[in-house]
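J.: Chain A is fixed; fit chain B onto it per the hints.
Chains as they are written, first to last, in this note's numbering: chain A, 1 to 292; chain B, 1 to 237.
Hints are computed from structural coordinates only; laboratory data are not their basis. For clarity, every value in this text was computed on a predicted model and none was experimentally measured. All residues carry an ideal CB built from backbone N, CA and C; glycine is no exception. Be careful, since some hints might not be right.
List of simulated lysine to any residue pairs, SDA-like, C-alpha gap at most 20 Å [claimed, not checked]: (1) B:Lys109 <-> A:Phe157; (2) A:Lys88 <-> B:Gly69; (3) A:Lys88 <-> B:Gly236; (4) B:Lys177 <-> B:Lys109; (5) A:Lys88 <-> B:Gln16.
If you want the ones that stay clear, here's a sample from chain B, every Cβ over 12 Å from chain A, calculated [said to hold, decoys possible]: (6) Gln16; (7) Thr57; (8) Leu78; (9) Lys109.
Partner residues aside, some chain B positions facing chain A, computed with beta carbon under 7 Å [unchecked claim]: (10) Arg77; (11) His82; (12) Gly88; (13) Ile215.
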Amino acid sequence: MELFTNQVLAGIATGAIYACMALAVVMIYQAIDHLNFAQGEMAMFSTFMAWQMMQWGVPYWAAFVITLVLSFVGGIVIERLLFKPLAKAPILTNVAGFIALFAIVNSVAGLIWDFTIKQFPTPFGSAPFLGSQLISTHQAGMIGVTLLLLALLFFFFRFTRIGLAMRAAATLPESARLVGINTSWMIALGWGMAAAIGSIAGMLIAPVVFLEPNMMGGVLIYGFAAAVLGGLSSPLGAVIGGFLVGIFENLVGTYIPGAGNELKLPIALALIVIVLVVKPSGLFGHTVIKRV
Amino acid sequence: MTAMLDIKDLRAYYGQVQALHGLEFHLSEGSMTTLLGANGAGKTTTLRAICNMVRSTGTIAFEGKSLSGKSTENIVRLGIAHVPQGRGTFTTMTVEENLQLGAISRSDKASIVSDIERMYDHFPVLKQRHTQQAGTLSGGEQQMLAVARALMLRPRLMLLDEPSFGLAPLIVRDLFKILGKINRDDKVTILVVEQNAQLALELADTAYVIETGRIVMSGSAKDIANNEDVRKSYLGY
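One chain only, chain A, in its complex shape (with noise of 0.2 Å):
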């Protein structure tokens, strides 16, 4: 029972990372319908610029800020210049832009910062969490700036004016047009938050898994994972999904004889197949009713 409960704990320390993944790519899907292939890369891009203010002497949470700042903007930049022209364009052309951009920043990442691994500070430390082994204080601190994050969105998306746009424009942008909300505009903004979620999970998962262009690689499929399990019509959902997929990870490599790390990932790939399969609009989402 004692290693079972463990496994749990350590499961959702790793599901943390999935979880600040996960709202990135839920923030995006939201505003445009489309998954961004590209999310984990632009994470990783900002957490490069993170660690290059602070190679150059800046204090951490000044980092921290500036980068979240630049990556927003930097987020409507793109969005303006290259996905505003595809707005109408086919899925597949889309998907297309996507794989381009995810090329695009691995490679630019790859040529400013080379590809060793780099070490990146946390600000929470890496000791014992309340003196358990199993989550250390950076992993706690992760879990609560995800948590937090998500009390942030819930708000936002709530009671603001801007939030109650946002989800017009989402929702029904044709209707949104009529009450007044320029709804590219809607987009973009999504775009920049999407961005700026990704620069803070690329932050905080660093720390773990070393800075590098391909950090994110297997953590996006996870982050999908997570997302999918969740409903990706849902901030909730992609957190406690995150979480999940974190916990069943670890379980599945625990109990499961042979499933070690070298098949972890495609358990992730198994379960969004599974989930797509059995319950489409993932546990939170809501389905939406297309009518032709």
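T.: Frame of chain A; chain B shown alone:
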């Protein structure tokens, strides 16, 4: 009287198909005008063209200023509220959120709150259900909500696309009574597209008849209602 909305040589296209063929009409300020016509005559297209939701040529002037080249949201912000066919309700949001969305382009917070209260006076049923998801309302209630949402803009001109569609006759009467009141008391100019010609003609002061993308008849609602052809084609007696 000056024309609040003046439309000249309006042509609209869906891809290669032309739906309006040089439509001309105008609305006087404070009037209640109805646009009659059979299915496919171009009534909805006319409303959509006013709000730049369909590709069109020609001139549309609102209070003397041309609307051409303006985006839908900027046209709406000039004070033109459009209640679309199918009502355009934000079904996953609450009734109150729908009303707030109607006023999203306004910045006068205090009067938005009092306007919501005013809407609840107009439509008491909305007050009872203000925390409910709009999708759970009945058709009639959703239509009331759509009208209330449009009024939250404090529009100068309101365009309504088939407000009676799918509603029980009694509810339609209620709705039209409220529209008349809004027209008189709030001085909102109204253009209503209707298939329920009889009711629309009772309520409106001016009427246009549209056939295959052209205005074929215009006049006071009374004259149009007494016209032999209109009676045979649209009123059924």
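J.: Compare the structure with each hint and give your call.
T.: Results for each hint:
1. A threshold of 20 Å between alpha carbons decides the hint, and for Lys109 (chain B) with Phe157 (chain A) the separation of about 18 Å falls inside it, so the pair holds.
2. For the proposed pair Lys88 (chain A) and Gly69 (chain B), the alpha carbon gap of about 19 Å is at most 20 Å, so the pair holds.
3. Of the supplied pair hints, the one linking Lys88 (chain A) and Gly236 (chain B) is violated, its CA atoms being roughly 44 Å apart against a limit of 20 Å.
4. Straight-line distance between C-alpha atoms of Lys177 (chain B) and Lys109 (chain B) comes to about 29 Å, which puts the hinted pair past the 20 Å bound.
5. Taking the CA atoms of Lys88 (chain A) and Gln16 (chain B), the gap is about 18 Å. The hint holds against a cut of 20 Å.
6. Chain A leaves Gln16 (chain B) outside its interface by the beta-carbon criterion, the shortest separation being 18 Å against a cut-off of 12 Å.
7. Look at Thr57 (chain B): its CB is around 21 Å from the nearest CB on chain A, clear of 12 Å, so calling it non-interface holds up.
8. Remark: the non-interface label on Leu78 (chain B) conflicts with the geometry, its nearest Cβ contact in chain A lying 9 Å away (cut-off 12 Å).
9. Taking the minimum C-beta to C-beta distance to chain A, about 9 Å, the non-interface status of Lys109 (chain B) is violated against the 12 Å cut.
10. Among the interface hints, the one on Arg77 (chain B) holds; its C-beta lies about 5 Å from the nearest C-beta in chain A, closer than the 7 Å criterion.
11. Checking His82 (chain B) against chain A: minimum C-beta separation of about 5 Å stays under 7 Å; hint holds.
12. Taking 7 Å as the C-beta cut-off, the interface hint given for Gly88 (chain B) holds, the closest approach to chain A being about 4 Å.
13. A cut of 7 Å between beta carbons decides the hint on Ile215 (chain B): the least distance to chain A is about 25 Å, and the hint is violated.
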